[in-house]
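Asker: One-letter residues, chain by chain:
2 protein chains.
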Amino acid sequence: MTKQLEDLFAFLRFPSISTDSNHAGDVRACANWLIEKLNSMGLNTELHETPKHPIVIARNEHHAGKKTCLIYGHYDVQPVDPVELWDSPPFEPEIRDGRIWGRGSTDNKGQMMAHVLGVEEMLKEEGELPVNLIFLFEGEEEIGSPNLVPFLEKHKEALKCDVIAVSDTGMVAEGVPTMGYGLRGITCCEITVKGPKGDLHSGVYGGCVANPATAVAKLVASLHDDNGKIAIEGFYDDVRPLEVWEREMWAKVPGMTEADILNITGSPAIFGEPDYSSAERLWARPTAEVNGIGGGYQGEGSKTVLPAEAMAKFSFRLVPDQDPQDIAAKVKTHLEKHAPAGVTVEVHAGHDGKPYICDPHSENGKAGQVALEQAFGKAPVLIREGGSIPIIQDMKEILGVESLMLGLALPNCQIHAPNENFYVENFEGGIRLNKALLKELAK
Amino acid sequence: MTKQLEDLFAFLRFPSISTDSNHAGDVRACANWLIEKLNSMGLNTELHETPKHPIVIARNEHHAGKKTCLIYGHYDVQPVDPVELWDSPPFEPEIRDGRIWGRGSTDNKGQMMAHVLGVEEMLKEEGELPVNLIFLFEGEEEIGSPNLVPFLEKHKEALKCDVIAVSDTGMVAEGVPTMGYGLRGITCCEITVKGPKGDLHSGVYGGCVANPATAVAKLVASLHDDNGKIAIEGFYDDVRPLEVWEREMWAKVPGMTEADILNITGSPAIFGEPDYSSAERLWARPTAEVNGIGGGYQGEGSKTVLPAEAMAKFSFRLVPDQDPQDIAAKVKTHLEKHAPAGVTVEVHAGHDGKPYICDPHSENGKAGQVALEQAFGKAPVLIREGGSIPIIQDMKEILGVESLMLGLALPNCQIHAPNENFYVENFEGGIRLNKALLKELAK
Numbered sequence: 001m002t003k004q005l006e007d008l009f010a011f012l013r014f015p016s017i018s019t020d021s022n023h024a025g026d027v028r029a030c031a032n033w034l035i036e037k038l039n040s041m042g043l044n045t046e047l048h049e050t051p052k053h054p055i056v057i058a059r060n061e062h063h064a065g066k067k068t069c070l071i072y073g074h075y076d077v078q079p080v081d082p083v084e085l086w087d088s089p090p091f092e093p094e095i096r097d098g099r100i101w102g103r104g105s106t107d108n109k110g111q112m113m114a115h116v117l118g119v120e121e122m123l124k125e126e127g128e129l130p131v132n133l134i135f136l137f138e139g140e141e142e143i144g145s146p147n148l149v150p151f152l153e154k155h156k157e158a159l160k161c162d163v164i165a166v167s168d169t170g171m172v173a174e175g176v177p178t179m180g181y182g183l184r185g186i187t188c189c190e191i192t193v194k195g196p197k198g199d200l201h202s203g204v205y206g207g208c209v210a211n212p213a214t215a216v217a218k219l220v221a222s223l224h225d226d227n228g229k230i231a232i233e234g235f236y237d238d239v240r241p242l243e244v245w246e247r248e249m250w251a252k253v254p255g256m257t258e259a260d261i262l263n264i265t266g267s268p269a270i271f272g273e274p275d276y277s278s279a280e281r282l283w284a285r286p287t288a289e290v291n292g293i294g295g296g297y298q299g300e301g302s303k304t305v306l307p308a309e310a311m312a313k314f315s316f317r318l319v320p321d322q323d324p325q326d327i328a329a330k331v332k333t334h335l336e337k338h339a340p341a342g343v344t345v346e347v348h349a350g351h352d353g354k355p356y357i358c359d360p361h362s363e364n365g366k367a368g369q370v371a372l373e374q375a376f377g378k379a380p381v382l383i384r385e386g387g388s389i390p391i392i393q394d395m396k397e398i399l400g401v402e403s404l405m406l407g408l409a410l411p412n413c414q415i416h417a418p419n420e421n422f423y424v425e426n427f428e429g430g431i432r433l434n435k436a437l438l439k440e441l442a443k
Numbered sequence: 001m002t003k004q005l006e007d008l009f010a011f012l013r014f015p016s017i018s019t020d021s022n023h024a025g026d027v028r029a030c031a032n033w034l035i036e037k038l039n040s041m042g043l044n045t046e047l048h049e050t051p052k053h054p055i056v057i058a059r060n061e062h063h064a065g066k067k068t069c070l071i072y073g074h075y076d077v078q079p080v081d082p083v084e085l086w087d088s089p090p091f092e093p094e095i096r097d098g099r100i101w102g103r104g105s106t107d108n109k110g111q112m113m114a115h116v117l118g119v120e121e122m123l124k125e126e127g128e129l130p131v132n133l134i135f136l137f138e139g140e141e142e143i144g145s146p147n148l149v150p151f152l153e154k155h156k157e158a159l160k161c162d163v164i165a166v167s168d169t170g171m172v173a174e175g176v177p178t179m180g181y182g183l184r185g186i187t188c189c190e191i192t193v194k195g196p197k198g199d200l201h202s203g204v205y206g207g208c209v210a211n212p213a214t215a216v217a218k219l220v221a222s223l224h225d226d227n228g229k230i231a232i233e234g235f236y237d238d239v240r241p242l243e244v245w246e247r248e249m250w251a252k253v254p255g256m257t258e259a260d261i262l263n264i265t266g267s268p269a270i271f272g273e274p275d276y277s278s279a280e281r282l283w284a285r286p287t288a289e290v291n292g293i294g295g296g297y298q299g300e301g302s303k304t305v306l307p308a309e310a311m312a313k314f315s316f317r318l319v320p321d322q323d324p325q326d327i328a329a330k331v332k333t334h335l336e337k338h339a340p341a342g343v344t345v346e347v348h349a350g351h352d353g354k355p356y357i358c359d360p361h362s363e364n365g366k367a368g369q370v371a372l373e374q375a376f377g378k379a380p381v382l383i384r385e386g387g388s389i390p391i392i393q394d395m396k397e398i399l400g401v402e403s404l405m406l407g408l409a410l411p412n413c414q415i416h417a418p419n420e421n422f423y424v425e426n427f428e429g430g431i432r433l434n435k436a437l438l439k440e441l442a443k
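Residue numbers (the UniProt record's numbering), protein chains in the order written: chain V, 1 to 443; chain F, 1 to 443.
Take the hints with a grain of salt, since some may be wrong.
[Unchecked claim] Chain F side only, calculated, beta carbon under 7 Å to chain V, not exhaustive: (1) Thr192; (2) Pro196; (3) Val209; (4) Ala221; (5) Phe271; (6) Arg281; (7) Tyr297; (8) Val305; (9) Lys337; (10) His338; (11) Ala339; (12) Gly342; (13) Gly386.
[What the hints assert, rightly or not] Simulated coverage check for chain F against chain V, where a stretch passes if three residues somewhere in it have a Cβ under 8 Å from a Cβ of chain V: (14) 151-158; (15) 182-191; (16) 198-207; (17) 254-266; (18) 287-293; (19) 390-398.
These aren't lab readings, by the way, just hints derived from the structure by calculation. Beta carbons: idealized from backbone N, C-alpha and C, even for Gly.
Just need the whole structure built from these sequences, with the hints factored in.
Answerer: So this is what it looks like as C-alpha cells:
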C-alpha cells in the first residue's frame, strides 16, 4: 500500500461520529491526528474549540500578491447503523475491487485527504505552494454545522480568501469529471392536524366529525396539481429561468437519461413538472416533497378507528432566487388557507438553507474546469446539485467568495449508508486535482 | 350484596379473553361455569365445541304453540391493556358510585347475565316461562365470531325461532331506554402505493419521480368532496332514504345534539355530509373513513427522504340497502381510476359485513318497546347504530328472524377500554327487561 493510502486508512480508522456523544473522544482524537499530519507537512495549524467538536485550520506561509484559496472539508462521519449490513467493519478500511470500503471513505475523509495529500506532494516536489492556502476542516458537518457560521463570522478577517474549493459532492458517472456550480436550498416544515380528543370508533362516530387523516391527505394533495406542478400561490415567482447553455449541457450529461433515472431509483415511471428534463427538474426546479405522513393505525390487519390526529413532514427544495423564509411564509399561508373544515392545523417551521449558484465561467470557475480536465483526462460537465449544502451559501455571504464544487463521489459510493466506498482511482485523481487546481488558480 | 350481583361477580372474575391463546383455559372455565349456572336453573344445556372456544346453548322445555325466543350473548371479553390505567383490577369486580367496574361488566357479561337472571327469577316466581327459550352464548364475539356462522348453519333447525333478542348495544343516555332496529355494515380495504425501490434522498432525486406519500394523499383526498360527501361513483346508489318518522324521532333523541357530539368527541367542530343531522349521519348515512395512513419518516425532527412506499387503511360504513361487495368493487374501481401517475397502487380487500335493518313497529318490535317501557319507566327511543354487528345480519339470513337490540350500555361505560363499568341500575333494569320482554312476546 502507498504511504498516501496508509494515511487515508489511519484517518478512516477514527470512528468520528459527530452525532453520537459517546464518540466525542473519537472525534477529538481524529482532529488531533489531523493536526499532527498537517504539522508534519510543514503547515501552521490551529485547533479551535467550539461548543461541540473542534475546527482545524492549517495554512502555509502567506505572501502578498498570491491568490488565497480556502479548501473546506469535514472529518466527522455519519453513524454506521445498521452495522450488520456492512460487508467489512466500517472503521477497518480495506480495498476490494478497486474501492476503499469504510465509513467516511467518500464522505468526506477520502475526498478531503486527497486535497491534503495533494498539498503534501506539491510541497515535497516544489518546496512551496503557488497560492496562499487555508485548510478549514470541521467536525460537525453531519449534524448541520451548528458552530461553523459563528466561527466564520468571528474569524472573517483571518479567513479572507479569493476562492473556496470543496470536494463533498458527486461525479455524475464513473470517469466523468464534474464541476458543480449550484445547489438547491431547502425549507422544512411539519403539520399536525388535530380532530377528536382521542381515537374514536369509526362506526360509532364516523360521519359526524372530520377525520384528521383525511384532512392531512387533503392538505398534502393540495400542494401539487395532477401534473406535479406546485400549486402554492407565488411559489415559482422568484425561480431563475434556465440558461440556454445549461439546458444544452445538461441534455448531454451522462447518467441522467430517463432510463438512467428509472434504473437508479427503481421507480415505475418518470414523473415531474411538465416541460423539463429530469436533470432540469433535479437541478433547476424547486420541489415540495412529503418526507413523512402518518396517522391512525398502521399495523397489520385492521383497526377501525377514526384517528385523533395525523401529521405530515415536508421539505421544499429551492432554487435561485427563491428565499427560504419567503417560501416558508407562502407554504404556511397555503396550508392555513386550505385547512379542511372540522380540524385544527398547526404548522411548525423547520430548518432552512438558501439555494446557491455561481458562474462556472468566471476566472476561478475556468481554473476549476481546467484542473478537472488535467486530473481526469477529459473536460468536465457543469452541473448543479439537487441537494442542499447550506454552508456553501453561508461562506458566500460571510466571506464574500464563491465555492468550486469539485466532487469525487460516485452514485454507488453509498454515502450515509452501509458499505460506503471510494474508488481508489478517484482518490488518486483527487490528489492530481488538488495540485492542478492550485496551479491553475495561481495563474 | 344480592345473590344476583354475586352471580355476576363470579362470572366477571373469569379472564375469558378470547383473542389471547394463553387465556383459552379461562374461556373454557367460564363456559363451564355458565353451563353449571344454567343447569342449576333447571334449563337443558349443551356445550358445543368449535375449532376455538365453545358455544353454550340452553333451553327450557319447549311446547308447541308457544313462541320461540332466542337470546344471544357472548361470554368472552376484550384484552385489558393498558392494564396500568385501570383504577381497580379488571378481573376483580367491585362496586363504586353505583357502577360495577371490571372487564366485561357491560360488554357483554353484565347485559347477558341480566337476561339469565331474569329467566331464573321468572322460573322461580312462575315455575315456567311464557315462551320457548333458547340461550345462545358464544365465546368468540370479540374476535369476529369466526365459528358462529358455521354453527348456525349446522344447527339451523334446532335454533329455529320467532324472534331474537340481543343486549349488546347502547342506551343513548342515562335513563333513556333505547331500542335499536338498524346497524351499519362495513367493508374494509388497504392500499399500498409504491414508487422507488428504496427511500431516496429528497434533494438528490426529488422532482423527477413521483412521491408515494403524495400519491396516497391524492387518493385519500379523492374519496370526499370538500363538504364531506363521498365522491366514489355510484356510492350512494342503493342508500335507502330516511323515513319521515325516523328524522322526527332522531331529532328528539337525547345525547345527539351538536353540543353533545362535540363534548363527547372533543372535536373542534361538527363536520359531515351536508343536509343531515349528526344522528342521521351516524345511523343512516354511509362513510369512507381513513383508519390509518403512513409513509416515510414519522419520528422526531426531520429526515429528508422521498419514501419508497406509503399506505392507507379504509373502512366504509354501509347502510341499507348497500351491498359490501358492490361497494368494495366501486371503491377499487375508484382507487384504480384515480391512481396518480408515476406510482403503482395495490388494493387489498379486507373484511366486510352487511348493514341490518328491521321494522321496530312489527309485532315483535312493539313487544320490545313495551318491555323497555315497563323496565325503565318511559317509552324507548328508536335508533339505529353507527357500528357494525355482522352476526345480526347473519342470524337474519340463516335463521330468517329479526333481532331486537335492547342495549344497556351507556356512553361512559368504557367498553373495550380501561375502567369498563356497568350501571347497577341498568343491571337491575336488564333483569326486569328480560321478564317483561318474555311476557310481551308471548302475548
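Asker: Just pull the numbers of the violated hints for me, sorted ascending.
Answerer: Violated hints: 1, 9, 10, 11, 14, 19; rest satisfied.
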